[in-house]
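There are 4 protein chains.
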Amino acid sequence: MLKPVCLADFEEHFLKSLDRNARDYFSSGANQEITVKDNVEAFNRYRLRPRMLRDVSNVNMKTTIMGNEIDFPIGIAPTAVQKMAHPEGEVATARAASSMNTCMILSTWSTTSIEEVAQANGSGLRWFQLYVFKDKSVTMDLIKQAERSGYKAIVITVDTPRVGKKLVDDRNRFYLPSHLHRVNATTDTSDNTQSSQEAQESLVHKSTQTMLDPKLTWDTITWVKSFTKLPVIVKGILTGEDAKLAVQHGVDGIIVSNHGGRQLDGVLATIDVLGEVVEAVEGRVEVYVDGGVRQGTDVLKALALGAKAVFIGRPVLWGLAYQGQTGVEEVLRIIKEEFKLAMALSGCANVTDIQLSLLAFEKRYSSKL
Amino acid sequence: MLKPVCLADFEEHFLKSLDRNARDYFSSGANQEITVKDNVEAFNRYRLRPRMLRDVSNVNMKTTIMGNEIDFPIGIAPTAVQKMAHPEGEVATARAASSMNTCMILSTWSTTSIEEVAQANGSGLRWFQLYVFKDKSVTMDLIKQAERSGYKAIVITVDTPRVGKKLVDDRNRFYLPSHLHRVNATTDTSDNTQSSQEAQESLVHKSTQTMLDPKLTWDTITWVKSFTKLPVIVKGILTGEDAKLAVQHGVDGIIVSNHGGRQLDGVLATIDVLGEVVEAVEGRVEVYVDGGVRQGTDVLKALALGAKAVFIGRPVLWGLAYQGQTGVEEVLRIIKEEFKLAMALSGCANVTDIQLSLLAFEKRYSSKL
Amino acid sequence: MLKPVCLADFEEHFLKSLDRNARDYFSSGANQEITVKDNVEAFNRYRLRPRMLRDVSNVNMKTTIMGNEIDFPIGIAPTAVQKMAHPEGEVATARAASSMNTCMILSTWSTTSIEEVAQANGSGLRWFQLYVFKDKSVTMDLIKQAERSGYKAIVITVDTPRVGKKLVDDRNRFYLPSHLHRVNATTDTSDNTQSSQEAQESLVHKSTQTMLDPKLTWDTITWVKSFTKLPVIVKGILTGEDAKLAVQHGVDGIIVSNHGGRQLDGVLATIDVLGEVVEAVEGRVEVYVDGGVRQGTDVLKALALGAKAVFIGRPVLWGLAYQGQTGVEEVLRIIKEEFKLAMALSGCANVTDIQLSLLAFEKRYSSKL
Amino acid sequence: MLKPVCLADFEEHFLKSLDRNARDYFSSGANQEITVKDNVEAFNRYRLRPRMLRDVSNVNMKTTIMGNEIDFPIGIAPTAVQKMAHPEGEVATARAASSMNTCMILSTWSTTSIEEVAQANGSGLRWFQLYVFKDKSVTMDLIKQAERSGYKAIVITVDTPRVGKKLVDDRNRFYLPSHLHRVNATTDTSDNTQSSQEAQESLVHKSTQTMLDPKLTWDTITWVKSFTKLPVIVKGILTGEDAKLAVQHGVDGIIVSNHGGRQLDGVLATIDVLGEVVEAVEGRVEVYVDGGVRQGTDVLKALALGAKAVFIGRPVLWGLAYQGQTGVEEVLRIIKEEFKLAMALSGCANVTDIQLSLLAFEKRYSSKL
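Chains as they are written, first to last, in the working numbering: chain A, 1248 to 1616; chain B, 1248 to 1616; chain C, 1248 to 1616; chain D, 1248 to 1616.
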């Protein structure tokens, strides 16, 4: 078997080894998949202006996020139903994150319980991604579980008042294999099987829609903050306007994200939004980004634009599909080494050396505000 | 048979089921088809800046056009000879429009009479698209028929002083099947058959050319307004200059349209013109747009740029070809649901929430005025 | 045989019917053929802003160039060795130009004599394209022949102090078929046969190089003007700076041309240069353009940018290859009709109605002056 | 065998004749190879504005670099292990450079000794490219060898504190054929064989990494200058900021280079950086450029942007692979003749006539400084 040398190599392995239902679910984006592609391609519109003849004999990638140190500024984004990628699912991911000393964000839609993931993650840094349920007690219970199990932040996804439209999932009538369950989805009404020809829709998506609260507002954020002491991070902010509102509502961090291009097709690539968000928050909260990060230079570019760290989603699933925990570690190791090399070759010995002047870019899209 | 999940799916069905003469006629654009393609692609130069954490539990798509309420701001553009797409033609379209509670614009070149369409449309909202004939009495008669049959506006096409050049129609020597007739074309000299090799041109187009008035001017608009109480809308405006003239000449509405790219190849995509026209009219008349609308986000973008509603042409023909009335309803239902989802995912509970700030865009073409 | 409906159709016919040596010679551009392709593609960066509701029942394409009326502003650019495209060569072209009442520019490298072409052209408008020879008496003699034979202007090509490098001609070792001769090339040392493997170059190009004067300067223009009363037009100007110099040196007209992309690869497309030249001359001399004109809308765009007329080169050769005189007439007829339609559909009844405001464009390349 | 007529032809020959290990090593760029491709493509974003009617009967390409005259401003960039391209390797290159009277830069990683190359180069102009070793005595010894052997400048590569990541080399586990040695790499620990499956990396690259000094700083430049009287040129500068620092640290020249896209993928194309560097140095030192130069017009563009000369790397290897010394001479002859033609066709009789006004360009990437 060919040993992968870059993250794109894992995608090939991943595509080969999973069945169509799973493969399409993980790969797809909303509608025409403009944004899912642009998330990756947009990084090419940012070019590097490396500095020479600085001492980079010791490149230090360490940073802190929400006050916790990690070895390198690349965390694991929350992705659903990881057991569909590998039997060990979230447990494998949690172990890999811990062994590499970076942060893992666990999805509400995990196929492993909050506590079991915590045990696998041990002393590692873990955050919990929260979907807000119609049933407030379910939401509160999830947060309490996360607190008890040592998760260090609540990451509220704010871009899913409704589930995005993915054509392939509609065509496949996406289903969960019968042995898998979304363990936190206590009121899941999908029967884990492919819906009949007549149904013509994904029962999983339908059930998701039914469970989640479409009335999500800034008051929801205030409500969550009122009964947890954990830092609250909002994931899915895509404008400077919302970033300012987030700061005003006391959030502790922002993840610039378009849900991997899976929600609203045609939104800007996250790297194209990052600068605007960073500018809007004026350093008052930490800003992170996910979407399309595939190489060490992508991380460098995101940090140059002001991100404190990036998160990767699909590549972790590719790593899982490849070799479980070892696969995820390999994915992290490769991009970590690429990032280290990119720092060295651009004259940055520490992450604080990574500045906006490192970039030249094509600003393709402008708004009229 | 694969159930279509997006409008592009219908195009495939459509392309398969019709013969070349019809298929090419409906699909083609003028000359090199630059504009017909750009109408669709230009939407990708407009990217979304969605807002989060607004209450979108109730998304209301209702709006009014010319004072009449419709359930969602997506109407049916006028297209010719719909029986060539399905035996029930305009009757099927009229029923679908009515059952979905949106507006249908009937073409002068319909294969069903003005009155018959009105009956099929019932209490639905219908407008009549008018070609101005050399013979003034024909024109006046058409308007009177429309008034009598409950059409609520006259939509004058202003971009066709001559018929555009479509290479495929020239190559196919486009003809109407012998059982079909343009019922309003009382002086039609085409014999509904494919012209001989020697003729080397479409007799339908030639006849059209002969019947229509090439002397169409703003005075024609004044003349039409002088003998009808119906609102008069001009369809085919592509500059701010003409939009201002339209307002000065008392028109009630403007449809920004390039005739689906079928008249003058190389004109700007309609979405690229919309903003300029909206700015020019300064809210004095309603502005609509057609051309290249294929997805819910396209509608969102058009409304963000100031359109009161959009109209779709070819997708309706694809729906007809697919399953007649049911097919058209399915087309409307899919794009309506996509639009609703796009509103929810961009934080818009009502169409009035859809603002210019929702967009970031690449302004590719500028004029030197 | 398929009847061509647009100029691109002729290119297919042309490509099929000629042998590789001739086909490549006519089609090719210099080096990587960036400019030869961009000449055509650049027109797509100019989009139309058509005006509606103007009386276009009578579209008048007539104009004058250098004081002579032509039926439409599309002339025939000078191209070499036309008998290689059709046995009747320049005679066929001259008859077609005359019958269509437009201007033909005869190339110095014609395979028919100046006088014979004049006879075929009859009362038509003809100009003579002049290459300046090292041997001044040859140059003077050519001008005198042109004067005697009723040519109405001398068009001096100024972009060929050396012959451009065409890779395919180098690979083919381009040769003239043995029965053809450049009749004005009195000192031609090429033997009209394909050079041997060892020679590895085109003897035709080598001979051309030897005959032409590489010391061509503005003084040459002054010298030519000193002994002819005919208007002197310079062909090959590509900057505003040179356009101003041309006016200062008393030229009567300028053809913006990059020699069909055959001389210096990487120069701007002519349509991208036209505006700059028009601005520089401030109406003091007439400006024409050739290069990449393939459709009626291309002509419209060129006139909107300020050209008095356009000239077409390769399409005429395609017409020749297709059917000799009839083929050239058909080429001219098609683009003339397309131009007429484009005028009508953009609201222009006369060529003077064609203004810069008709265009929106992408200005891709800028200079730092 | 087809005789090559342009440099791209040599690439084909080269690709065919070498084995995969060598071919990939020479061709590849870092990671996704964005920059290696952009180096070439970026030249197309620079278009020419040629001037006409200047006397170009005598085109003089001579120039000086660091005070030494060369026949044309195209030198040979340093490339490693040239014997892998042809048995005579650097000796063949040195003879070709000398016979064509241009400058050759010898790589530290040559497979021929500094002295042997000097002998082959004879009275030719040669510079020595220096990698700074951890072991300072090795570095000093190399400089002394170069001085003794008549090299006229020391070119310090500053962009390689670590070796870039080339995916193909990782996949191939790049190795040197056992009969070849990097003669200056006295502490080379690679065993010249393909590493085992387990090793999964290039031992050559690993050894390189071990030998080179990652602490390279501006102090290193000062240190080198302190014990050599030769001019010191820094190769690998990619920002105006570093160019200013270079001048402040007393360097004598700058080569704008991104190491042929082999170090940090995603850096700007060198032609896109050149103008910024030229502006920053304000004429205080000579500026050269390498990367993507494949045609005469590329040289013209680089000089128009302010380069004193360009250097070509890969095309020389292609020439070697093709026919050793003769092949390199042919490569140089072709691009020299193309450059001469480009000068003539743009109105430049001397290299000093090549000015910025010769260009129109698309400035795609901007920095926020």
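Because the hints were derived from the structure by calculation, they are not lab data.
Treat each hint with caution, since some may be false.
To be verified - Only pairs whose alpha carbons sit at most 27 Å apart, straight line, appear in this in silico DSS-like list of lysine-lysine: (1) K1309(C) with K1453(B); (2) K1284(A) with K1615(A); (3) K1610(A) with K1587(D); (4) K1453(C) with K1610(B); (5) K1610(C) with K1610(B); (6) K1284(A) with K1391(D); (7) K1381(C) with K1615(B); (8) K1381(C) with K1284(D); (9) K1615(D) with K1453(C); (10) K1472(D) with K1462(C).
Said to hold, decoys possible - To give an idea of the interface, some chain A residues facing chain D are shown, with a C-beta separation under 7 Å as derived from the structure: (11) E1280; (12) I1281; (13) P1297; (14) V1303; (15) P1461; (16) T1469; (17) V1471; (18) T1544; (19) K1583; (20) A1596; (21) D1600; (22) Y1612; (23) K1615; (24) L1616.
Every residue, glycine too, gets a C-beta built ideally from N, C-alpha and C.
Hints versus structure:
A distance of roughly 25 Å separates the Cα atoms of K1309(C) and K1453(B); the hinted pair therefore holds under the 27 Å criterion. The straight-line distance between the Cα atoms of K1284(A) and K1615(A) is roughly 25 Å, inside the 27 Å bound, and the hint therefore holds. With a C-alpha separation of about 38 Å, the suggested pair K1610(A) and K1587(D) falls outside the 27 Å cut-off, and the hint is violated. Pair hint K1453(C) plus K1610(B) does not hold up; C-alpha atoms about 48 Å apart against a cutoff of 27 Å.
Distance check on the hinted pair: K1610(C) and K1610(B) sit about 11 Å apart at the alpha-carbon level, within 27 Å; holds. Our distance criterion of 27 Å between C-alpha atoms is broken by K1284(A) and K1391(D), whose separation comes to about 54 Å. With a C-alpha separation of about 45 Å, the suggested pair K1381(C) and K1615(B) falls outside the 27 Å cut-off, and the hint is violated. Between K1381(C) and K1284(D) the CA atoms are separated by roughly 44 Å; this puts the pair beyond 27 Å, and the hint is violated.
With a CA separation close to 52 Å, the supplied pair K1615(D) and K1453(C) exceeds the 27 Å bound. Straight-line distance between C-alpha atoms of K1472(D) and K1462(C) comes to about 48 Å, which puts the hinted pair past the 27 Å bound. Interface restraint check for E1280(A): the shortest CB-CB distance to chain D comes to about 20 Å, outside 7 Å, so the restraint is violated. The restraint placing I1281(A) at the interface with chain D is violated, with a minimum CB-CB distance near 21 Å, outside the 7 Å limit.
About 6 Å separates the beta-carbon of P1297(A) from the nearest beta-carbon of chain D, less than 7 Å, and the hint is met. A hinted interface residue such as V1303(A) counts as satisfied when its beta carbon comes closer than 7 Å to some beta carbon of chain D; here the least separation is about 5 Å, so the hint holds. Proximity of P1461(A) to chain D is violated relative to the hint, the smallest CB-CB distance being about 39 Å (cut-off 7 Å). Interface restraint check for T1469(A): the shortest CB-CB distance to chain D comes to about 35 Å, outside 7 Å, so the restraint is violated.
Residue-level restraint check for V1471(A) is violated (minimum Cβ-Cβ distance to chain D is 36 Å; threshold 7 Å). Taking 7 Å as the C-beta contact cut-off toward chain D, the hint placing T1544(A) at the interface holds, the least distance being around 5 Å. At its closest, the beta carbon of K1583(A) sits 13 Å from a beta carbon of chain D; the interface hint therefore is violated under the 7 Å criterion. Using the Cβ-Cβ criterion of 7 Å, the hint placing A1596(A) at the interface with chain D is not satisfied: the shortest such distance is roughly 10 Å.
Below 7 Å, beta-carbon pairs count as interface contacts, and D1600(A) has none with chain D, the closest being about 13 Å; its hint is therefore violated. Against a cut-off of 7 Å between C-beta atoms, the interface hint on Y1612(A) is violated, since the closest Cβ of chain D lies about 15 Å away. Look at K1615(A): its Cβ only gets to about 20 Å from chain D, farther than 7 Å, so that hint breaks. Interface restraint check: L1616(A) against chain D, minimum CB-CB distance 18 Å, threshold 7 Å, status violated.
In terms of the numbered hints stated before, the structure departs from hints 3, 4, 6, 7, 8, 9, 10, 11, 12, 15, 16, 17, 19, 20, 21, 22, 23, 24, listed from lowest to highest.
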